[in-house]
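If you're matching positions, the sequence shown starts at 1 in the numbering used here and goes up one per residue.
Hints listed in this document are in silico derivations from the structure and should not be mistaken for laboratory results. Predicted model, so just to flag it, every value in this text is computed and none were measured. Check each hint, because a few of them may be wrong.
To be verified - Below 20 Å or equal to it, Euclidean Cα-Cα: the simulated SDA-like pairs (lysine to any residue) are:
| # | residue 1 | residue 2 |
| --- | --- | --- |
| 1 | Lys10 | Ala26 |
| 2 | Lys16 | Leu32 |
| 3 | Lys22 | Lys5 |
| 4 | Lys16 | Val4 |
| 5 | Lys61 | Gly51 |
| 6 | Lys24 | Asp7 |
| 7 | Lys14 | Ala26 |
| 8 | Lys22 | Met12 |
| 9 | Lys24 | Met12 |
| 10 | Lys46 | Leu35 |
| 11 | Lys46 | Ala56 |
| 12 | Lys5 | Lys16 |
| 13 | Lys14 | Val4 |
| 14 | Lys46 | Ser36 |
| 15 | Lys16 | Leu28 |
| 16 | Lys5 | Ile17 |
| 17 | Lys46 | Glu57 |
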Amino acid sequence: QLSVKEDVAKLMEKRKILLELKSKQATLAADLDRLSDDLVTVLNYKLNLDGVLYEAEEAFKFL
1 QLSVKEDVAK LMEKRKILLE LKSKQATLAA DLDRLSDDLV TVLNYKLNLD
51 GVLYEAEEAF KFL
């Protein structure tokens with residue numbers, strides 16, 4: 001009887017830990033999505049800045 005109660009208690013603790021890990025996993029997935037979106041934004045800004053720099057360098061040649 002005691003062994004069964006101990007097993008149930010261990011399973012309940014493992015269940016609690018599993019639920020916490022699943023919650024953390026969902027949070028990390030959301031963070032990763034935001035970071036991926038930010039990376040795309042940064043890369044777009046970099047491309048735009050590279051274009052502006054190129055245009056400025058080309059214009060400078062004519063000065």
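Okay, the hints, checked on the actual structure:
Between Lys10 and Ala26 the CA atoms are separated by roughly 24 Å; this puts the pair beyond 20 Å, and the hint is violated. Pair hint Lys16 plus Leu32 does not hold up; C-alpha atoms about 24 Å apart against a cutoff of 20 Å. Between Lys22 and Lys5 the alpha-carbon distance is near 26 Å, which puts this suggested pair outside the 20 Å criterion. With a CA separation close to 18 Å, the supplied pair Lys16 and Val4 stays within the 20 Å bound.
Pair hint Lys61 plus Gly51 holds up; C-alpha atoms about 16 Å apart against a cutoff of 20 Å. Between the alpha carbons of Lys24 and Asp7 the distance comes to roughly 26 Å, so the proposed pair goes past 20 Å and is violated. Restraint check: the Cα-Cα separation between Lys14 and Ala26 comes to about 18 Å, which is no more than 20 Å; the hinted pair holds. Under the criterion of a C-alpha separation no larger than 20 Å, the hint pairing Lys22 with Met12 is consistent with the structure, at around 15 Å.
Our distance criterion of 20 Å between C-alpha atoms is met by Lys24 and Met12, whose separation comes to about 18 Å. For the hint pairing Lys46 with Leu35, the CA-to-CA distance comes to about 16 Å; that is within 20 Å, so the pair holds. In summary, the hint linking Lys46 to Ala56 is supported, as the alpha carbons are separated by about 15 Å, within the 20 Å threshold. For the hint linking Lys5 to Lys16, the alpha-carbon distance of about 16 Å falls within 20 Å, and the restraint holds.
For the suggested pair Lys14 and Val4, the alpha carbons sit about 15 Å apart, so the restraint of at most 20 Å is met. Annotation: proposed proximity of Lys46 to Ser36 holds, straight-line Cα distance about 15 Å (limit 20 Å). Taken as a hint, the Lys16 and Leu28 pair is honoured in the structure, with Cα atoms around 18 Å apart against an allowance of 20 Å. Of the supplied pair hints, the one linking Lys5 and Ile17 holds, its CA atoms being roughly 18 Å apart against a limit of 20 Å.
Distance check on the hinted pair: Lys46 and Glu57 sit about 16 Å apart at the alpha-carbon level, within 20 Å; holds.
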